[in-house]
Every structure is written in C-alpha cells, then in structure tokens.
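Chains A and B, in that order, give the protein sequences.
Residue numbers for the first sequence follow the working numbering, beginning at 1 and rising by one.
Residue numbers for the second sequence follow the working numbering, beginning at 1001 and rising by one.
Since the hints were derived computationally from the structure, they do not count as laboratory data.
All values derive from a computational prediction rather than experimental measurement.
All C-beta atoms, glycine included, are put in the ideal place defined by N, C-alpha and C.
Take the hints with a grain of salt, since some may be wrong.
Stated by the list, open to error - BS3-like mimics (lysine-lysine), calculated; alpha carbons at most 25 Å apart, straight line:
hint, chain 1, residue 1, chain 2, residue 2
1, A, LYS73, A, LYS111
2, A, LYS111, B, LYS1009
3, A, LYS3, A, LYS115
4, B, LYS1057, A, LYS3
5, A, LYS3, A, LYS70
As the list claims (entries may be wrong) - Beyond 10 Å from chain A on every Cβ pair, some chain B residues (computed):
hint, residue
6, ARG1018
7, THR1020
8, LEU1061
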Amino acid sequence: AQKITQTQPGMFVQEKEAVTLDCTYDTSDQSYGLFWYKQPSSGEMIFLIYQGSYDEQNATEGRYSLNFQKARKSANLVISASQLGDSAMYFCAMREGMDSNYQLIWGAGTKLIIKP
Amino acid sequence: DSGVTQTPKHLITATGQRVTLRCSPRSGDLSVYWYQQSLDQGLQFLIQYYNGEERAKGNILERFSAQQFPDLHSELNLSSLELGDSALYFCASSVGGRFVHEQYFGPGTRLTVT
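The shape of chain A in the complex, shown without the other chains (with noise of 0.2 Å):
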C-alpha cells in the first residue's frame, strides 16, 4: 500500500491565485512528520516546510502553509499568492517515528504550472 498518495500529477494555477497540493498519508504510527519539497526544473531539492504529528498548529513558512487534518491523515501545501517561480515539482515525504534513523518515504509528486 501507498504510504504516500499525491493524487494531482499535475495542475495549472494562475498566477497571485493560492494553490493547494493534496497529500494523504498511511502510518500506524503516533509520531511522525510530514514534509513538503521542491524541485525546480534545475534539479535541486528545496525544503518548504515540516508538520510534526503533535504539533497542535499547523505550520507556515512564508507564502506556505500546511493544511494538517491528522483524522483524515492529510498534509496538504497551501501556496498562498502563487507567483511565476513556484512552478515545479513539488514532493510531500513523511519520516515515521522520530528516532534519529530515519528515512524519508515520498510521494509521486505534482507538477504545478504557474501561468502569466
């Protein structure tokens, strides 16, 4: 089974409109985080922004914030005023438990297009 799903492979936004990514996650765990990167076209892959499982807020960084509804295990990426440069791939990821072994399990990814 998909412990990742990002069931948008791609998406068209126009630009300054705020865009959400979808991510739903499967772990048994109680604790762990959930992560959202991005990967330009360039190839590198930029941390946006992390959800701990008991963080009771949800976490924002600048323009993103995270739409954390742990009932429905969803940790979905709010772009808020999209601009011409957010277009790319972006990857939501979890790490299970919080030992310091950890590896991150990823989703497929969406590719988000941001039109002028």
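Put chain B on the given structure of chain A with help from the hints.
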C-alpha cells in the same frame, strides 16, 4: 545553496562499469542519506550513515555500496552498472538526532549509463 556538495554533477558511463559518487554534508551535520530518483521508481531511499556508521538501509541493490569517512564525507559506489541505474542520485544531510527534522539536499549527480 543548501551547503551540501556533490560531485560530479554529471556522469556518463557504459554498462558493466563502476562509478563513485561523492557527497560532503553541511558543516556540523552528522547524518548523510543517499536517494535515487528515476522516472519509473520516483524517489527511493538507499542508505543512511550517522557519524561513520550505517544506520538505515532502504532499497539499495547489492551492486551498490556506500561509506562515510571520518571527515563525514560519504561515497556511493555503483558497480556492474545497468541501463536501469540511470538516475539522479541525491545526497542529503541533517544534524541527526531526535528533534531535528529537515534533510538538506545536494544538487544531485545525474548518472547516465549507455
């Protein structure tokens, strides 16, 4: 710039050959992770080292091996290369530890096996 460096940036080699990918973590980071990103498999975790010791193993083939040296840089060795090994190989680093979260990625090494 994440502070993680990887060399080389591009590598083209033939089937059956062996290559070594190198990674230098961010200053102060003790954990190094290797990932493979291919078109058909997506992003796959390969292996993790923490302060010189192997700590976690993912979908790493027996033809692949890695190590982390006393100066904390890491090398990923890929041998008996096959066409399907063509991929982008990322190294990531983190401080390590229970409450540290994000991994910082290097720019990747793009391997093409012909």
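Hint by hint, here is what the structure shows:
no.	hint	in the structure
1	A/LYS73 - A/LYS111	holds, 22 Å
2	A/LYS111 - B/LYS1009	holds, 24 Å
3	A/LYS3 - A/LYS115	violated, 31 Å
4	B/LYS1057 - A/LYS3	holds, 18 Å
5	A/LYS3 - A/LYS70	holds, 15 Å
6	ARG1018	holds, 24 Å
7	THR1020	holds, 20 Å
8	LEU1061	holds, 16 Å
Of the numbered hints given earlier, the model fails hint 3 alone.
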